[in-house]
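Novice: Chain B: place on chain A using the hints.
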Amino acid sequence: MKKKTRKPIVLLVDDYPDAREMYAEYLEFSGFEIVQAGNGVEAIERANDSHPDVILMDLSLPVMDGWEATRRLKADDRTKHIPVLAVTGHALTGVSNDAKAAGCDGFITKPCLPEDLVAEIKKTLARVEAGDLKHHRSGHNAKVKA
Amino acid sequence: MRHYAPSSRRQGVALRAVGKTGRMARGNRRLSPWMESPDTDTARLELLEGFLNRSDVADCTEFALQWAAEWAAIAQSICLARREGEMTLTVVGSYGFRPANLSNFSVSLEDWRHPLVQILANRRHTFFSGIGPSGQERRRRPMTPFEQSAFHVLPLRTGASDEAVGLLLWSGTRRLTPEIEWFGSVLALKLAQVLRRLALSEGDRRQEYERSLLRAIVNAVTDPILLTDPEGRLLIANARARALFVTSEEESEGRRGAVSMNNMLLSSALSSKAIEETGAMRRELLLVNPVDGSDLLFELLSTVTEDARYGTGIVSILRNVGDLRRATEQIEENYRKMRLAEMQARAERDRLNLIIDSVADPIIVTDASGSTSLMNDPAERLFATRPGAAASEQRRVQANDAHFSSFVSGLLVSDDQRRVGEVNFTDPATGAAMPFEAIAGKMLTEQGELTAVVSILHDRREALEKAALYEQLKQASDELERKVHAATADIAEQNELLRRQAFELEQASTLKSQFLANMSHEFRTPLNAILGYTSMLQQGVAGPIDGPIKRHLARVASNGQHLLSIINEILDISRIEAGRMPLQLTKFKVPDLIGEVLAELDSIIRRSKLEISTNLPKDLKPIHSDRQKVKQILLNLLSNAIKFTSQGSVTITAKAMNGPRSIAISVTDTGIGIAPDDHQRIFEDFKQLDNSPTRAYGGTGLGLSICKRLADIIGGEITVRSQLGKGSTFTLTLSHTR
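Chains A and B are the protein sequences, given in the same order.
So the first sequence is residues 1 to 146, counted in the working numbering.
So the second sequence is residues 1 to 738, counted in the working numbering.
Here chain A stands alone, though its shape is the one from the complex (with noise of 0.2 Å):
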């Protein structure tokens, strides 16, 4: 028996427009709302005046990159309990640990099949359900549909 709340939202940062585009267009698909932001400093605008309920963050980006956005948004009170899962194409080991380092909730390699992605966002989006993930208010946009 499922609740009708409201879809989750993603907010997806990727200055790569079709990498961007094929995630939003099979998330919706997935039933998920998508916020999309093409650098750092737009990512942070979007997490604060979208609320998503999950951030994608590619490390990557013009402006401002995804460690540098991470950062700031796990070091202001009204973002720092969004998760934030780290989307990058850079395989070598000491990336991720960066990631893991700027506050980063989680970590996923590119190439990365959409409904891997998806199921990704699902396992994160659990566990805060399940008051898992540091920072996170445990009942804060609770519904989601799986």
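Hint data in this document are derived by calculation from the structure and do not stem from the laboratory.
Since this is a predicted model, take the numbers as computed values, not measurements.
Some hints could be false.
Result set (DSS-like, lysine-lysine): computed pairs, CA atoms no more than 25 Å apart in a straight line [to be verified]:
id	chain 1	residue 1	chain 2	residue 2
1	B	K589	A	K100
2	B	K609	A	K123
3	A	K100	A	K122
4	B	K587	B	K655
5	A	K7	A	K74
6	A	K100	A	K74
7	B	K609	B	K643
8	A	K123	B	K631
9	B	K621	B	K589
10	B	K708	B	K512
11	A	K7	A	K123
12	A	K100	B	K587
13	B	K631	A	K100
14	B	K621	B	K631
15	B	K655	B	K621
So the derived list for chain A, only partly shown, Cβ under 7 Å to chain B, looks like this [unchecked claim]:
id	residue
16	Y16
17	D18
18	A19
19	M22
20	Y26
21	F29
22	G89
23	H90
24	P111
No residue lacks a Cβ here, since even glycine has one placed at the ideal position from N, Cα and C.
Specialist: Okay, now just chain B, sitting in the frame of chain A:
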């Protein structure tokens, strides 16, 4: 005592005696001529009778001169005589002088110019007339007790040719009467007789002295000497002989017995016929020592003496052969010892010679005069010519000798004890130069007197050769050192070059890795879009699809996936080769790690429809290793197992091991398997067993190669057991501490 010296007492006695005779009463007839008167014969008889009763020189002359005073009216007279063996004429009698006037009167016969000596020699009567008032002396006259009065001197001689025995001096006129001449001749005869008798008695005394001397000598002889008659009776014996053959009543019985035994033994020895036949004999005679009864062995040497007056006698000398024998034995013993010592000395000398000869260096002993007294064999080769040697060889030997002599003479004339120098000899046989080091030392007696110079020569050729060789060696060594230096410099240069190249390579490698990292990112971004849209199309996001389109999309998706895995693996290889995969050791639990691996491969596992199981013991200890690399190896092995297994199962097993490798993790599948010949090839780069373009399985062929490299980095090992068609087991063994 001078018996003949006139003395007042004797003179007095003489006068009295004359007076006593009573014949002096006829003195009143003295003026009567002698020859014609019958009294003359009476007077002469009286003188001759008086002489008969007198034998003493002084007595005779006193009497005679008194007679002359009485019968020839001679107032003063002196008789001088020469005693036997003396060289002076001394007064033996006088008449009419006071003794004081005569005491200093004597004439030396050696003073041949003395008038009295000359008269004695020419035996002529001489008259010295008195010295007149003028004091003139007509002829040389002797100093006499007559002083300035006239006097006669008559030599007293027994015959015309006989030597005068003395001189008669008397005072009186020039006339020499026949009476006085007769008196002189009679007195001469009597005086000669008395003097001869005196001389004879002195001879007896001397004979007696000589006899006692002889006796003392004979007694002093240590050998017994004895004179016996032919019957063996003892006539004369020396002290030593008397001890053996003479005894007295006071001595002990034993001693007397021994002596009589000795006498018997001697008699029997001497009575042997041998003596008479040969006149001398030599035999051994054993006697008894009367003192202690011991045996005494003598050699008896007997000689028969024939004497006209005393008859035959035997002189025997006994020599103690016991002593002699001992002495002989002693001498023999000494001789033996001497021989022994000589033999030892000779052996010693021989040994010394052997030693000296065996010394390879020439040794020469030179005496103080500089001539060679000894040399050993090696020295002889330098200084001695061989028989029949060539003239050149002789010249060389002479030259060697001259060199050596000058060296030694340098030491002989100096005060130094030693001399060391170099002498250049020539080999006599070949003429080759032979440089020697010569060491000469002086041998001195305890008094510091030089006895010899010992020289030792040491051949320097070998040393010189060695020095030359050493020089060559040194040159070679220097050369080598130079080469080594050059090579070292070369190597250093090469090293520097290599270092630079290594640096450049490292830079290049870094750049390459950076490039690959960037490339990888750039590849992934478009590939992400391709794979994403393909997946969306397949899921019908853009509308339903079917038939061939679905199949084509599946091909796009799988080739995209293949491209992605190629990119990933190339990236891994390049990172390993660039050393960008440092060892990061942590402690972790293997089951946890395996759980993570299964979770990451969850989607593949679900698609494969295989039965995946694990076999993990509960008591497995945590290991200490590089977690990330172990995980990557296991991911690879597990995905391979799934990829090459169409149906059946895949099992992951972990177990603890003894020994340095503490844990083994195996992935066992029931897939296609690998032929034994290919078990090694599968670990090489880009090797997939099926290389055909239409091969059934994807993958780069880099997976196992990467696993092996990673295992090497963490000190592990990957092995495979497989059977074609039956499946494979890949096992990673690890140690705790690496």
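Novice: Tell me the numbers of any earlier hints that the structure contravenes, in ascending order.
Specialist: Every hint satisfied by this model.
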